[in-house]
Structure formats: structure tokens, C-alpha cells
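Generate coordinates for the entire structure from the input sequences, incorporating the hints supplied.
Each protein sequence line maps, in turn, to chains W and C.
full-length UniProt numbering puts the first residue of the first sequence at 1, with every later residue one more than the last.
full-length UniProt numbering puts the first residue of the second sequence at 1, with every later residue one more than the last.
I should point out that these hints are in silico values taken from the structure, not numbers from a laboratory.
Mixed in with the good hints there might be a few duds.
[As the list claims (entries may be wrong)] DEER-style ranges, computed between Cβ atoms: (1) S23(W) - E150(C): 30 to 38 Å; (2) K98(W) - L178(C): 57 to 65 Å; (3) K98(W) - L27(C): 34 to 42 Å; (4) I52(W) - V20(C): 34 to 42 Å; (5) K91(W) - L23(C): 27 to 35 Å; (6) L242(C) - G19(W): 42 to 50 Å; (7) T241(C) - Y8(W): 56 to 64 Å; (8) K216(W) - I246(C): 51 to 59 Å; (9) K152(C) - T57(W): 28 to 36 Å; (10) M13(C) - K216(W): 54 to 62 Å.
In this text, a Cβ means the ideal position worked out from N, Cα and C, and glycines have one as well.
Here's the letter readout for the chains.
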Amino acid sequence: MILVENLYKKFGKIPVLTGLDLSIHGGDIFAVLGPNGSGKTTLIKAVLGMVIPDKGTISVMDTRIKNQWKYRQQINYLPQIANFPGNLRVKELIEMIKDIRQMPSDEEQLIARFGLEPFLDKKLSNLSGGTKQKVNIVLTFMFDCPLIILDEPTNGLDPLALIRLKELIFEEKAKGKTFLITSHIMQFVEEVSDEVVYLLEGKIYFKGSISALKIKTNQTNFEHAIAAISTP
Amino acid sequence: MIKILKYSFYDLMRSRWSYVYFLFYLLLGFVLLFLNNELSKAVITLMNVIIVLVPLIGTIFGVMYFYNSKEFTELLLAQPIKRSSIFFGQYLGVAGSLTMSLVLGLGIPFALYGLFESNAIWDFSLLLITGAFLTMIFTALAFNIALSNENKIKGFGYAVLVWLFLAVIYDGLFLMSLIVFEKYPLDNFSLIATMFNPIDLSRTLILLKLDISALLGYTGAIFKQFFGTNLGLMISIVMLTLWTIIPVWRLGYKSKRKDF
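Here's what the structure looks like:
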């Protein structure tokens, strides 16, 4: 599904990714974890082609993504901070993205699921952070794509919305979709993910299932296992 | 690209500033015609306004729009769209809506005052064409500056500086060099120096077309000799096109290599 080989990226003088290799196969939920500034978002943005790597190659579904853009038709991406053009209404934004993607979409079901009906005619600049995140989720899930990338999906969500989000992730997974998720909420990661990819200093420090991580660190609690792996 | 252009264009059409800009030209057109009551004279006055104001508005609008649509750009970057299409679409949206405000704002009063029956129509069209060129050129320069500077204040500063340099400082340096090197033949130098500033180039082009080149004195005679011919006109249009194409090309080049 995704194959990353020998990826290097510097921002100014600060090296963020230093020779990262990663291969992700289809049908599972991968959690990309790591301390702040370990390069999680950079890795995801490199896969999306928003960050141009200094060295290394990335392939998505067997195509090299360098200078390509059509492969993004296969990806749904939920950005970390929901920055939307403030002068648009929610409905207009959804219509616009639909118009740009030109794919069948089922936004109505998602709008109902997250209770967004009363906000459809509101301007995006007037929405609260959590509501914006719900709009973000609707925009991400309304298209049927094999690869879904979620960057901090739980940001600002209330408990009910969080439950709905988890249900949604499991439903989509049952359809055979692959997920790449970053999160700092370990409880959420433990509940949804099949495999953990742990980034440290720009490299993959650990890749495997949660139980393998627990065995490796000699911990019974996932949160403590992550803490143990962060402080070698 | 057409879709991005459409959304940028609609976005701008909904903003108050496009209307302010449009109404300003509308008002300017009517006032000038009311005061002058003769089309060709109004065209001359108008030229002086357009030559300075159009680049300024193009620059400021370009920088402002680029920074303001940062969220929109980021949203689009994750969609299956070519990068250059995103930036070219936005650029054409801004330049297009500004040009439309200019053409309609000035076109309506002049058309009402009987532009189509008068012989000033060619001069007026040339004025609008150069106005459109200046809008395209300075919006492209502004987009370039904004793309290269993450810091808004810096970007704004550089953009205004570029405008100030080309609109005011360049002329000052040009005149000073003419005075200092008085003793030397400066025909070719002044011709070339004019070519390298789109504002000067447009001004000279219009002045010569309006047949008031006598105002330009000795150099005017050389300019007349050069610009008056079809070749001169062609070369000026080519230069203006180059002034548009080079920044637009750089915009595409830089945008491909930038991280978001």
C-alpha cells in the first residue's frame, strides 16, 4: 500500500526525518506514534506530497509519488488543524470539495451521524473547534477511498462524537480500508489500531502489534509501554 | 485549474473590496468625463492615475489574497489537484477579477459618454490593455513575494517596496543618470532602461500613442522613432508579456518545491 524508502527531510538546519523506511500493507489500522516533533506529521505530509523530501522515495499503491498528483484520488486526508476558508458556509465547503473530487459521496449520512444539520448554513469562521473538527471528519470520510490518513482525529471532539468516530473507523475498516492514524490519546490508539509504528529522532524505532510492544518493554499497560519506549 | 479559478474568482467577487475597487473606477471615470467633457483629454488624465494606481492595487491585493487564502490552499493541496493548477488558478482569479473591475469600472462611463463614436477608442483600448497587463504583472510579482515569505509583515513590506521602486525610485535613478551622463549618447540606454520597468514602458507606450510625445523632449523624438513604428509597438507588447510570463513561471517553479 505505502512503501517509504530511505526518507530524509530537513527543515532549515533541523533534521526531521533521517533515513526512514516504512512499509504498510493494506487492510489494517496503523497508528503512527512518537514524541512531539518526531516527524509524524512530516511523514504523513510527505506521503501526501505536501512536503517534498530531500532524499528517498515514497510509493503509494506501486506508483512513485514524486511530481504526481493523481494518486491522491485514492487518499482521504484529515489534517491536524482544521483550517478552512472562513468566509464559506459548511454546505458550500462540502459542495466545493465534492466538485473538486468528482467522486460519489455520501455526506448526508455523516452529517446526520455527527449532528451537523444545524450548522450547515453557518460560516466556518463562526464554528467552534470541535464542530470544525466534525466538519473535517465529514469531508474526510464522505468519499470511498482505499487509504485514509487521520492526523490527530480526536482533537476537540466531545465523548459522543468520539464514539461515533470510532464506530465509523471500524465500519470503514470492515470494508477493507487501510488507516494511518496519529494520536496522543493512547486509549484511543489502543482501542482502534492493529499495529503501532513508533517514530523517534526521524527513524522508525518500533513497528509491530501492541502486544509485541508490551512484551518488548515488559509493561502490562499500553500507556506505560509507550512511556518506557520513549525513555530508553 | 479552471475550478480553482472559478472558486477564487467567486470568493473575490463576494468580497467587499472588489466592489470598492470597481466603484472607485466608475466614480473616477464619471468625474473625469464631467470635468473634461472631452474623451481624449480624459484619457490622458486617466493614464496618470492608472499607471500608478493599478500596480499598487495589484500588488496589495495579490499579497493580501495569497496570505488570506492560506487555509484554502492547504485544503486543496491534499486533494487530487496539480500544485501548479492551485496557484495558477488563484493567480488568475485575482488578476481576472481586478482586470474586470478596471475594464467595467472605466468602460461603463466612457461607453455612456459616446466612446464608440469617438476616435479616442483606440487610445482608450490601449489604456485598458496596458492596465490589464500591469494588473497581471504586479499580481504575479506579489504572489511570488508572498510565496517566498512565510512572514506576512515581511512579505507586505517587500511587495510595497517593489511597487515603490518601480513606480517612483526607478524614475528618479533614471533621470539622475540622464543628468550625470549628459555628455554621452544615451538613446539606447534610455530605451533599454524603459524596457526594464513595466510602469515606464506602459507610460511611454500610451504617451506616444496619444501623440503628445512632444512633452518628452529630445528623448521623446527617439522614442517616437522607436515606439511609433509597428516594430516598437510589437517589442513593447512582447516585453510586457515577458514581464507577465517570467513571474508566473517562477510561481509555478517555486510552488513545486515548497513544503506546506
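Against the structure, the hints come out as follows:
Between S23(W) and E150(C) the Cβ separation comes to about 34 Å, which falls inside the hinted range of 30 to 38 Å. Distance hint check: the CB atoms of K98(W) and L178(C) are about 60 Å apart, consistent with the given range 57 to 65 Å. As the Cβ distance of K98(W) to L27(C) is approximately 40 Å, the hint placing it in 34 to 42 Å holds. Taken as a hint, the range 34 to 42 Å holds for the pair I52(W) and V20(C), whose Cβ atoms sit roughly 39 Å apart.
In this structure, K91(W) and L23(C) meet the distance hint of 27 to 35 Å, their C-beta atoms being roughly 30 Å apart. In this structure the supplied range 42 to 50 Å holds for L242(C) paired with G19(W), their Cβ-Cβ distance being about 44 Å. Range check, T241(C) to Y8(W): about 40 Å between beta-carbon atoms, so the 56 to 64 Å window is missed. Restraint check, K216(W) to I246(C): a C-beta distance of roughly 57 Å satisfies the suggested window 51 to 59 Å.
For the pair K152(C) and T57(W), the supplied restraint of 28 to 36 Å holds, since their beta-carbon distance comes to about 35 Å. The hinted range of 54 to 62 Å is satisfied by M13(C) and K216(W), whose Cβ atoms lie roughly 59 Å apart.
Violated hint: 7 only; the structure is consistent with all others.
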